[in-house]
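**Student:** Listed below are the residues making up each chain.
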Amino acid sequence: MPRISLENVTKKFKELVALNNLSFEIKDGEFFVILGPSGAGKTTFLKVIAGLEIPENGKIYFDGNLINHVATPNRDVALTFENYSLYPHFTVFNNIATPLKSSVQKNKYNKKQIQEKVDKLTKMLSINHLLNRLPSELSGGQKQRVALGRALIKEPQVLLLDEPLAHVDAKIRNQLRTEFHFLKEKFRTTTIYTTHDYKEAISLGDRMMVLNKGGIEQIGIPEIIYNFPKNTKVALAVGWPEINLFDCTVDFENSQLYCPKGDFVFNISSNVLKHLKIYGKSEYIVGIRPHYIGFSDKPSDTYSVKAICGTPEVLDNQLVFFAKVKNLDLNISTHDPDLSLKYEQELWLGFDDQSLIFFDKETNENIKLKE
Amino acid sequence: MNKRKKVGKNIFVNLLSYIVLIVSFSFLLFPVYWIFTMAIKTNPDILSYPPKFFFQPTIKGFQYILGLTKTVGATGVSAGVESFFLLGIKNSIIVVVISVLMSLAIGLPAAYVLARYDIKGKENIAFTILSFRFAPPLLVIIPLYLLFTKIGLYNSYFSLIWVYQLIALPMIVWIVRGYMEEIPIEVEQAAIVDGYSKIWIFFRIALPLAKAGIAAGTLLAFIYCWNNFIFGMILATVKIQPVTVQAMRYLTPDAIMFREVAAICIGAALPLLILSIFLQRYLISGLSMGAIRR
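In order, the protein sequences belong to chains A and B. To convert, note that position 266 of the first sequence is 267 in my numbering; the numbers rise steadily by one, no gaps. To convert, note that position 197 of the second sequence is 219 in my numbering; the numbers rise steadily by one, no gaps.
Treat the hints with care, since some could be wrong.
Claimed, not checked - Below, in silico cross-link-like pairs of lysine-lysine (DSS-like), each with a Cα-Cα straight-line distance of 30 Å or less: (1) K112/A x K185/A; (2) K142/B x K60/A; (3) K185/A x K214/A; (4) K13/A x K142/B; (5) K233/B x K102/A; (6) K144/B x K13/A; (7) K220/B x K112/A; (8) K144/B x K15/A; (9) K112/A x K233/B; (10) K220/B x K118/A; (11) K220/B x K107/A; (12) K15/A x K234/A; (13) K109/A x K220/B; (14) K275/A x K307/A; (15) K15/A x K220/B; (16) K13/A x K220/B; (17) K220/B x K60/A; (18) K118/A x K187/A; (19) K220/B x K113/A; (20) K172/A x K121/A; (21) K15/A x K142/B; (22) K220/B x K102/A.
It should be emphasised that the hints constitute simulated quantities derived from the structure, not laboratory data.
Chain B with its partners taken away, still in its complex shape (with noise of 0.2 Å):
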């Protein structure tokens, strides 16, 4: 193939590889950009047809979900309106936060048995750990809600805790468990001849070196604890409720606020974000780090 041809061909490899990445890098983030502009739309730009891309932008979806928007009652005393979008977020907060601590508490030596020692029954153990996650939650939520309720446990943060751990437990216990496992095991038995405890071990071997499983683990058990949706909803009220619950109260009898639902989508993602930006580090760094010869 002459020289021209060649260039030609690249030329078109490249274009079309970028149309490709294009088209399908704006189906994926549409969604994400739509919800985006709805949140600073005014609601007659919102239910537009045909749909608007040019607006004029407003910020009063996040003030009202702060309950920084001003109401006048009847008796024209102006009041802040409830924000249960930040009640949201400080149960989600409470909730999620604990639940992955907790999860984390038990599943990380949990990891290291089942990666480590020869039990009896090791692998059903480890399966039913990861059965959890099969069940689909509302298959179990009926039981559960008779369950707490009769032990007085409805509506309290520690019920949710506990069922968290259903979703995060799981996910520790598994992905950690294969990063221990590739920890070369003579790297704990020289630690052992130098005069260690298992104990030592643990902290000081097997966890730092199995740092880019645990930071994976943790991000996912926190974003599916946050998402999840239907336990919360069930087993407790708007005291409780984590923030994917509280954005319901926007879809009132009297409006179907979209855009303070978009609002509340974009703060209620905001502390994955940033969590996902902290633990970004150590997903990459990478194991044994050359103190073993492959």
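Pulled out of the complex, with its shape left as it was, chain A reads as follows (with noise of 0.2 Å):
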């Protein structure tokens, strides 16, 4: 039985549409990743499954039960919100025993209990040091361990996090995300987190959907949504740098692809063509992604593309830039970069043919998933 279950959903303030027409579920002990820009409904829709916020439209079921018309303290969910909400006025151990104390909890714990369980729960969370500070004396690493002690002292049903890691520091961001996986594994809780950063979602995610402007692109685990990209706007949303699209024809007698915004023509092979041939259309919108892009400083068989390289960018192991084909801007990155590259060096590029992606061109819609 799906531990959530949604049906038609649909949520509107006053004009704005900002949950169009949902339907999936969601598993039992599932870490649920929703991945999405900003405005596309992510903290709607965990507003919408604590119910602090009544959908016009649609059924929501927990365990089988419809809960529409449940009251948010006894949906036993927990929320904790993208700029933390703590209580301004109670110290880290108030904040994190509040829910504990309140008349749902039925008075199940005593004094001495409550001390207990905070302690425990903030010693994993590495802020049991912490216990007397107000909110105010605190970092943002901090806050955010501390609003998901608040949220996890009651061992929710459901655990809704959103956008949990969006304000704090890079450094510390890693940290969390190791923590989040460490948290994963020792609640099992079914989860759902709302991010913009894809690669939260592709790290934590059992499960993850990407969502815009209300609706539902794709659903699915993140290999397939990584590498079988529903549509140009999922490829687009998932990978950095971003995904190269670019419109091509299809030379079938030649067994090549033509990019008429580069002027530039290469090769594919036969069973690349063979997948062409049974979807039928000659005009495509082509996407690879930038580490399937290879180059050189000489032209060959395999490098065949003269491109003029753009301002090279070393990050980590890491090496990025854009490479300039007539009007036609590349994405290309490498982790292994044997030249040193200079800012409008010539330079020839290669396309791993096995790696595209075609897009329909009218729908946008990946060919392979129309199979």
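Using the supplied hints, reconstruct the complex from the two chains, each of which is provided in its own coordinate frame.
**Tutor:** Printed below as a string of structure tokens:
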């Protein structure tokens, strides 16, 4: 039985449609990530699940029970907000203990038990030394952990995390992401985690969903989303540098692709050509990820497309730059730079045709997923 | 500009600012100073022209208003002077304290509802409450007098407390509403998710976080009610009248007791000063205090 399921859920704010006819399921114990840009509807979605917003249309089920009219305190969910929303006038201890003292808990815990539970959880979150501080005396990362503590303390059925790492320093972000993995294994709560960072989505999600303007673009395991994006929007949402997309015409006779914008051709192998023949059209939007474009300072059979190099950027073990082919800019990245590149240097590019993704020019949809 | 000129310019600017400040403050505080000295001068000194800035002080004025002066009657029996001042203070305290408390009891929940809920005609209600402050008391005093006498409320604490709501309620509702609107809604939503009711949220989240606004509103409501003259004068008599009206009793047909009236000004201002000092620390505290990322 799925833990959470939605049927045709629509949420409007006056004229703005925040959630557009959503229907899908989240499994028990799943760590489900929703990826989307600002304004996609991620926060609204979490608030609808929590019961803080009522949808205009649609049904929401927890464990098969309709919960549309169940009040928030009775839904047994916990929510962390993007800006933490800690109680500013409560200490860290009280912030975390408050959920245990509400009437919904029906006085389950006495003072000593509350003390013990808070102690244990804060030790796990490395904030045990901050119990007497006020939120104004904490750093961003510490506040995030307190917010998490407040959510986890009541061991909810469903955990809702709204962009938890969005406003945390980059260094702490990586650390916290690792901690999320640990918490994931330890608690195994059904979790919905929203983010605009695809790295978090791919790293943490058991399954993920790409949400755009209130509509579902694609749901699936991270590998599928990355390698078989349903349409160009999904392809652009995941991966950095962004996937390269350009229009191409197929030359079936010569087994080549011609790109008008860059005015170049490159060869494709017969099995790729076969797929295109089956699909039937001759014009496509071609997508290729930056690390599948190879380059060399000398022309050859493999590297045949002439390009001018843009400003290279070296990050950790990655070299990133864009290359200009006539009117087309291509993002290229490599983990193994064997050339020292200079701005406006001449390069010859080669495309790994096995990694090309073809999108229907009219519908923007991945042709592979149509089969 | 060379260093000498720069230093010279700085000194000049500083000196000029000090002079401006001293002049402005003298101008603003002079009446207060004058009243204060009037309260401790002898009668000839008060009336002397040119005005005396150096004089022999006396506490006779304060003694008189406190009823400590003894007068000798025609039969030679000495008795204490009746203290209208103390009677006025007592009445002021009763009427204003209860009025402000009542305004808080009605106004704080009203402010919360106006800040958080979406009711039809909300802004109309809010503006109506504010409009109480627009009406000049002189405009409404005659109908009120007629109404209160008709329903038997003339000369009662109850009528003054009721009427003072016109002054105190708008102050509290509008100031506190603004502060409550500043509280991020997510803090309250977090409390809902934690399992708490709106009532708990009102008492444990909204009120504490709006502390500064409540202090400001209370102080202003108190000051405006305390300083009110017209309602007390028309709707009540000596027994019930607040200290602002009682001061008039010292303007007798026999003598205009400037010194005693000045003494009352100071005496009547004291409770306000004490309240301001007490509430001051709440006025300084900020909102949200860093629990929300900005």
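**Student:** Sort out whether K220/B lies within 30 Å of K13/A, counting only the CA atoms.
**Tutor:** 24 Å, holds
**Student:** So if I understand the rule, the pair passes when the alpha-carbon distance is 30 Å or less; does K118/A with K187/A pass?
**Tutor:** Measuring from Cα to Cα gives roughly 16 Å; hence the hint holds.
**Student:** Given the hinted pair K220/B and K60/A, is their Cα-Cα distance within 30 Å?
**Tutor:** 26 Å, holds
**Student:** Need the status of pair K233/B, K102/A: alpha-carbon distance at most 30 Å?
**Tutor:** Holds - the C-alpha atoms of K102/A and K233/B are around 24 Å apart, at most 30 Å.
**Student:** Regarding the pair K144/B and K15/A, is the alpha-carbon distance no greater than 30 Å?
**Tutor:** Between K144/B and K15/A the Cα gap is close to 18 Å, so the pair holds against 30 Å.
**Student:** Please verify whether K112/A and K185/A have alpha carbons no more than 30 Å apart.
**Tutor:** The hint holds at about 28 Å.
**Student:** Hint check: K15/A vs K234/A, CA-CA at most 30 Å. Holds or violated?
**Tutor:** Roughly 27 Å between the alpha carbons, so the hint for K15/A and K234/A holds.
**Student:** Within a Cα-Cα threshold of 30 Å, do K112/A and K233/B meet the stated pairing?
**Tutor:** 28 Å, holds
**Student:** For the pair we were handed, K15/A and K220/B, check the Cα-Cα distance against 30 Å.
**Tutor:** 25 Å, holds
**Student:** Tell me if the straight-line CA distance from K15/A to K142/B falls inside 30 Å.
**Tutor:** 16 Å, holds
**Student:** Is it true that the CA of K275/A sits at most 30 Å from the CA of K307/A?
**Tutor:** This hinted pair holds, its Cα atoms lying about 27 Å apart.
**Student:** Does the alpha-carbon distance linking K220/B and K107/A stay inside the 30 Å limit?
**Tutor:** 17 Å, holds
Violated hints: none; the structure is consistent with every hint.
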